[in-house]
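With chain A fixed as given, assemble chain B onto it according to the hints.
Protein chains: 2
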Amino acid sequence: MTLSLSAEKYQCQPWPGLIEAYREYLPVSTTTPIVTLLEGNTPLIPSFTLAERIGRQVSVYIKYDGLNPTGSFKDRGMTMAISKAKEEGAKAVICASTGNTSAAAAAYARRGGMRPFVVIPDGYVALGKLAQALLYGAEVIAIRGNFDQALGVVRQMADNYPITLVNSLNPYRLEGQKTGAFEVVDVLGNAPDWLCIPMGNAGNITAYWMGFCQYFQAGKCDRLPKMMGFQAAGAAPLVNGQPVTKPETIATAIRIGNPASWGKAVAAKDASQGSFHAVTDAEILNAYQILASEEGIFCEPASASSVAGLLKMKDEIPTGATVVCILTGHGLKDPEMAMKHGNSQFQKGVEMKVEVVAKAMGF
Amino acid sequence: MTLSLSAEKYQCQPWPGLIEAYREYLPVSTTTPIVTLLEGNTPLIPSFTLAERIGRQVSVYIKYDGLNPTGSFKDRGMTMAISKAKEEGAKAVICASTGNTSAAAAAYARRGGMRPFVVIPDGYVALGKLAQALLYGAEVIAIRGNFDQALGVVRQMADNYPITLVNSLNPYRLEGQKTGAFEVVDVLGNAPDWLCIPMGNAGNITAYWMGFCQYFQAGKCDRLPKMMGFQAAGAAPLVNGQPVTKPETIATAIRIGNPASWGKAVAAKDASQGSFHAVTDAEILNAYQILASEEGIFCEPASASSVAGLLKMKDEIPTGATVVCILTGHGLKDPEMAMKHGNSQFQKGVEMKVEVVAKAMGF
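These protein sequence lines map, in sequence, to chains A and B. Going by my numbering, the first residue of the first sequence is number 2, and it counts up by one from there. Going by my numbering, the first residue of the second sequence is number 2, and it counts up by one from there.
One thing to keep in mind: the hints can contain errors.
If chains are identical, the list can't say which one is meant, so a pair holds when it fits in one copy or spans any two.
As a list, the in silico DSS-like pairs of lysine-lysine whose alpha-carbon atoms are at most 30 Å apart [what the hints assert, rightly or not]:
{"#": "1", "residue 1": "92", "residue 2": "341"}
{"#": "2", "residue 1": "247", "residue 2": "341"}
{"#": "3", "residue 1": "360", "residue 2": "130"}
{"#": "4", "residue 1": "130", "residue 2": "341"}
{"#": "5", "residue 1": "130", "residue 2": "247"}
{"#": "6", "residue 1": "247", "residue 2": "354"}
{"#": "7", "residue 1": "221", "residue 2": "315"}
Bear in mind the hints are in silico, worked out from the structure with no lab data behind them.
Chain A extracted, bound-state conformation:
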């Protein structure tokens, strides 16, 4: 595989965050107060082991979006949602998320001088899952009710008080997320042939498609990728064509039974001649381990579904094609998963002699 990332003269550029970088493509004005942690500009890492597994001169790149400030791609949408909330005079923001969204919402809201509220059902969520959001200063309200009722409360609060909803219904989230596509094109010089992406609420595949289309119209790329969306087999409503009542998968970040962006995701797939596929938890874990122990890239299990999908579909990739896989979250977000699924050697009680240690190491 040939690297297209070489030979020129580089230096560390003063990256101003994704809103400043892509201002002309985003719904902001010169008076919008920009709340940024300099998110975006994440590495597009050439993958050698995946390219080798596929063969036929296919190039594979990993968009490592877990290297955003709070550790997930949610920062892309949140810099937009929080900046617009501040512009509109909100004093607080609110969501019903328990994972990456709540962490991103808390970090950006506090940076912007607003209060971040997280509403969850009582007894539903382990404290560990919320630790990051709490440290960022999220104020958590656990209500006596289920998750749907928590969502209902969140909407009513946003309707009746100077509080902005920043869950996936907030339209600015997708505007921010589409910049991931811009960055891929800026670095590769064109759109890839395939874009492999995990689907939960299906907002990210929708946003990437928006981004590619907008860049295409602006003349920044002269082709569009096939949008290849992957879901966990136990939470695959978009693959099966119907909602899943009790979604189950180890990939918690995409454990969603009735995606918010269902129609838009299907439209992206159809317009791009892409396709949707399910990957099993075993396939996700296999990809998770390959990424860590062969590429040196540690991601959330949900992120690994894009690579699991790529490996599943590898015989359908055209010879010489360029493929980009999106990794949405850093592996450090889910330390328990790493503890359970590391499969390397741990030898205990080894005698402290060089020849014994050498033998234990296979020398």
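Below, chain B without anything else, positioned relative to chain A:
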């Protein structure tokens, strides 16, 4: 505070990793095989709340090096150490670290097709601390002996087998780490007035000073910063002028009693007219919480010592000065610390009525 990061035309640059970016300043040749995860190019985030606390037109920037691929600044040194090990024909690398170094060593070694060995004393280390390294494919050998004896074994293995030592004795580590200084100058357009940095083994302050001096000699900046090094009060040999037998601090990444780069760190301080100071665990925790809940930046406790030090020394900063604080690791590296020290509200059992929730929120 005025942002110097604005107004120009940006796009996402194809960042090739720090060795390619700074090749002319590093001991690599055209035949050195570069093992990279596109580390470096980390954000230099303007800090508003710290600048406000200091006043007097002082500008403060946070170099968020926790956004390197494995979550810490160790990646800067490791891309160099592993690339050189590969060039020299090593089949394996070895270290006795249990924290960020072992994770970085494992990720880069596996990406470079080498085996990463980690030698630790039996029963000394919790599995959780090593989970990231194990998932990356580190092979751990726990020996019947103490930590010094583990270090002895590591050195003997490196002397007698085709195994490269990648702990802090490896000289290429500092070469890679000095690029942090290059990036600061590239983004600011000059060196800052103060550089605030945590000190454990004191390799990073040594490396930053090397970098600033080299860039100064190359005409890339026309001044040099005062090097302000900070240690935890319970592990402050450089401040007290003598080794600490039993170093104690919550900032585990700088819990070191006898720093490897002692002499070089003192030389950097003296040459730059800087100074060393101790900060208490309470001051470190306070900075850790301010960074998260006011700036939206989540770091390891050890990282927060640079900000704790800045706040401690704030009255000595010249009016109008530019200060850069180095945050060496991402907060997600230490989730237990976040769980213990989040101090925001968590209200349980709230009745599911809008007016009740609104009251709970203070509306």
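Now the hints, each set against the structure:
In this homomeric assembly, residue 92 and residue 341 come within 30 Å of each other (Cα to Cα) only across copies, at 28 Å, whereas the closest approach inside a single copy is 42 Å. Taking the shortest Cα distances, residue 247 and residue 341 sit within 30 Å of each other inside one copy (24 Å), while across copies they are farther apart (33 Å). Taking the shortest Cα distances, residue 360 and residue 130 sit within 30 Å of each other only across copies (26 Å), while inside one copy they are farther apart (42 Å). In the homo-oligomer, the alpha carbons of residue 130 and residue 341 lie at most 30 Å apart both inside one protomer (17 Å) and across protomers (13 Å), since each shortest distance falls under that limit.
Proximity of residue 130 to residue 247 under the C-alpha cut-off of 30 Å is restricted to the intra-copy arrangement: shortest distance 20 Å within a copy versus 34 Å between copies. In the homo-oligomer, the alpha carbons of residue 247 and residue 354 lie at most 30 Å apart only across protomers (27 Å), although the nearest pairing inside one protomer, at 55 Å, exceeds that limit. Proximity of residue 221 to residue 315 under the C-alpha cut-off of 30 Å is restricted to the intra-copy arrangement: shortest distance 28 Å within a copy versus 47 Å between copies.
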